[in-house]
Amino acid sequence: MSALLNVSGLSGGYNIHKPVLHDISLQVQEAEIVGLIGLNGAGKSTTIKHILGLMEASKGEIQIKGKAFTEEPEAYRQSLSFIPETPILYEDMTLWEHLRLAAMAYDIEETTFEQRADELLKQFRMNGMKKWFPSHFSKGMRQKVMIMCAFLVRPELYVVDEPFVGLDPVAIQSLLDMMLDMKEKGAGILMSTHILSTAEKYCDRFVLLHNGQVHMHGTMSELQRDANMPQATLDDIYIAVTKDEIG
Amino acid sequence: MNVEQLWQERAMMFWNEAIRYLRLIGNSGFMFSLYILVLVGSYYYSTFLEWLPEQFPTVLFFSVLFAYMLTRSPIRTFVKEGDLVFLLPLEMRMSSYFRKSTVYSGIFQGAGMLLILVILAPLFFDRIHPEAAYWFVVFLGLMLAKGWNMASKWAELRIQTESHRWFHAWLRFVVNLVFAFLLFANAGVGFQIAVLAAMAVVYVWYYYPLLKQHRIKWQHLLEMENRMLMLFYRMANAFTDVPHLKGKVKARTPFAKLIDRVEHSQDHVYDFMFGKAFVRSNDYLGIYLRLTAIGLLFMYASPFSWLTVGLMILFAYMTGLQLSTLYHHFATKELPDIYPIRHGLKETSFKRLVKYLLFGQVALFSIGLLLLSASWLWTVAGIALAFLTVYWYAEYRVLKPRKKA
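For the record, the sequence lines run as chains R and B.
Position one of the first sequence corresponds to residue 1 (the numbering used here), numbered consecutively onward.
Position one of the second sequence corresponds to residue 248 (the numbering used here), numbered consecutively onward.
Don't take every hint at face value.
DSSO-like, lysine-lysine: derived pairs with alpha carbons at most 30 Å apart [stated by the list, open to error]: (1) B:Lys580 with R:Lys18; (2) B:Lys580 with R:Lys183; (3) B:Lys347 with R:Lys139; (4) B:Lys647 with R:Lys130; (5) R:Lys131 with B:Lys497; (6) B:Lys504 with R:Lys122; (7) B:Lys464 with R:Lys122; (8) B:Lys580 with R:Lys131; (9) R:Lys130 with B:Lys347; (10) B:Lys580 with R:Lys122; (11) B:Lys580 with R:Lys65; (12) B:Lys464 with R:Lys139; (13) R:Lys185 with R:Lys122; (14) R:Lys59 with B:Lys580.
Now the stretches of chain B that chain R is said to cover, found in silico as 3 or more residues with beta-carbon under 8 Å [to be verified]: (15) 313-323; (16) 572-582; (17) 624-631.
In short, the hints are calculated from the structure, not lab data.
Heads up, the beta-carbon is just placed ideally off N, CA and C, and yes, glycines get one too.
When you get a sec, could you build the whole thing from the sequences and use the hints?
This is the structure we're talking about:
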């Protein structure tokens with residue numbers, strides 16, 4: 001059985017002569033949360049942009065359910081939703097309209113949309129703000145809108161870029177609960193984050209990026225074994241493997 | 248770098264950009280139309296003055312017009328978003344920066360008032376006072392009052408509450424109205440000087456202390472700066488594509504509700520997005536309605552059927568030009584790029600919206616034409632021509648890039 005998301009031998013970047021990513025391979029299976037870990041500038045966001053189909057790889061392949069973006073662009077995009085690091089909101093649309101737009105764009109039927117949207121609004125305690133415009137939202141609220149739009153769609157694959165920054169503790173818990181819930185239902189989640197303790201608790205596997213390369217990958221125990229650091233936390237391992245280059 | 252240099256640099260930066268736009272406007276045939284307008288206008292001016300009934304409240308007209316121009320007094324501060332972080336610590340040392348801004352804005356607005364005063368000079372000499380010397384007295388008085396207004400406005404800008412700022416502006420309007428009335432009614436230099444003295448006293452005893460009591464309201468300055476910049480860009484946008492045209496979002500609930508009727512399906516994603524953006528952003532809706540109203544007004548004023556038809560098409564075309572920038576409204580957003588929607592949907596949706604809007608406008612114009620035109624031939628031909636033009640524009644022209652500044 002092929003993986004839900006399969007990235008193999010990906011090289012790419014903004015300039016073909018200066019690739020940012022070198023031969024990156026990673027998989028996300030169904031019902032799995034994979035943590036994409038790396039320092040600022042390690043290539044996490046660039047990797048994500050390639051997966052979203054916003055950038056073209058100079059080498060390698062990316063497939064969702066065995067199909068590349070170029071083969072069936074609409075089906076490819078239909079099967080994933082994205083929570084960006086910096087919330088991207090339409091300044092001229094209310095919160096409710098953002099949700100409705102997401103539902104329309106991903107072909108979610110109206111009654112299903114309303115039911116899911118009401119649940120999400122309750123969960124993130126934004127019920128009273130349906131008619132608000134983004135200019136009145138704090139950073140955390142903007143992030144919540146993005147999260148709600150993504151979970152409204154219920155795709156097979158979630159691509160989540162640094163979702164915790166700016167969120168209040170209750171919202172972080174809601175997000176994590178929802179991720180676990182979706183995972184139970186069979187979805188795959190690729191999550192990039194710097195909050196390593198949270199990642200350690202919730203991710204099934206990890207991909208450690210460094211200077212545009214996959215430095216290590218595997219489950220927690222595999223990482224501990226490979227780094228020769230039994231009982232170590234993800235924080236310790238990460239700092240140890242990147243130390244040479246930082247120091 | 249000192250703050251005065253900073254101001255100089257920013258003003259230069261604006262003018263470097265502005266001059267490129269102005270040059271484009273100058274080359275676009277606009278200046279030529281302006282010359283024609285001036286020539287024709289000056290020919291009809293004397294006829295207009297003779298026609299203007301004796302009862303026309305000239306003094307009141309002058310007073311209200313100039314009181315309004317005196318009161319508004321916006322200030323170009325050249326403040327940028329980043330200043331809210333980086334210049335904040337310099338605030339106490341920035342008074343010379345803002346003094347430059349206030350003087351600069353005052354000079355420009357004073358020149359604007361001079362221009363209006365020159366244009367209205369024949370009316371002035373005909374109805375207010377026959378002597379050129381008095382015209383200069385009025386000019387001088389207005390400039391002094393402008394100075395007071397600029398200085399007071401700068402102090403007012405430090406007030407946090409919007410309603411309080413409005414209240415101050417209204418009070419200033421009343422003072423300006425009294426002053427302007429005394430000037431135009433030729434009430435005597437004594438009265439006029441008395442009001443000017445009162446202004447000075449109010450400034451010293453009320454406004455000046457405000458500067459000490461309150462901090463600068465950066466957010467508000469930024470809003471004002473953006474508003475003024477947008478006004479310039481929007482004007483330039485009538486002649487060319489201006490990239491960074493962004494403005495305030497307004498809820499406009501009744502209009503926005505109409506857009507909610509868009510069918511809930513993937514094919515209508517962009518109808519929904521463009522629809523909401525049209526209603527709420529950058530005053531697209533306002534421009535559309537204004538151009539429609541002004542178009543009707545011009546059509547009404549036109550003495551010949553062929554000219555009425557020409558105006559109708561011209562205004563529909565101008566509306567189309569203004570709408571064309573809406574297409575790029577989402578250009579900086581990454582999200583629409585990853586929606587699973589088919590290629591080309593955006594173009595189709597946009598053309599459809601422009602077509603609907605222009606058809607609606609031309610339909611209104613057509614009703615106007617039916618009521619106004621004496622010639623059936625011109626009416627029928629005009630309506631057909633107008634619909635064809637906007638159809639052609641929406642289908643083939645609206646997405647074509649225009650010359651860049």
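Quick one, are Lys347 of chain B and Lys139 of chain R close enough, alpha carbons at most 30 Å? Status violated; Cα separation ~36 Å.
For Lys130 of chain R and Lys347 of chain B, compute the direct alpha-carbon distance and say whether it is at most 30 Å. Violated. Lys130 of chain R to Lys347 of chain B sits at ~44 Å, over the 30 Å cutoff.
Holds or violated: Lys580 of chain B to Lys122 of chain R, with C-alpha atoms at most 30 Å apart: 27 Å, holds
Given the hinted pair Lys647 of chain B and Lys130 of chain R, is their Cα-Cα distance within 30 Å? Violated. Lys647 of chain B to Lys130 of chain R sits at ~37 Å, over the 30 Å cutoff.
Going straight from one Cα to the other, do Lys504 of chain B and Lys122 of chain R come out at no more than 30 Å? 24 Å, holds
Between the alpha carbons of Lys580 of chain B and Lys65 of chain R, is the straight-line distance 30 Å or under? 27 Å, holds
Are the Cα positions of Lys185 of chain R and Lys122 of chain R separated by 30 Å at most? 21 Å, holds
CA of Lys580 of chain B to CA of Lys18 of chain R, is that 30 Å or under? Holds, at about 26 Å.
Count the residues of the stretch 572-582 of chain B with a beta-carbon closer than 8 Å to any beta-carbon of chain R: does the count reach three? With 4 residues closer than 8 Å to chain R, the stretch 572-582 of chain B meets the three-residue bar; holds.
For a C-alpha distance cap of 30 Å, please report whether Lys464 of chain B and Lys122 of chain R respect it. Given that 30 Å is the threshold and the Cα spacing comes to 36 Å, the pair is violated.
For a C-alpha distance cap of 30 Å, please report whether Lys464 of chain B and Lys139 of chain R respect it. Holds, because 22 Å separates the two Cα atoms, which is no more than 30 Å.
With a cut-off of 30 Å on the C-alpha distance, tell me whether Lys580 of chain B and Lys131 of chain R pass. Status holds; Cα separation ~21 Å.
This entry does not satisfy hints 3, 4, 7, 9, 15 and 17, going by the numbered hints stated previously.
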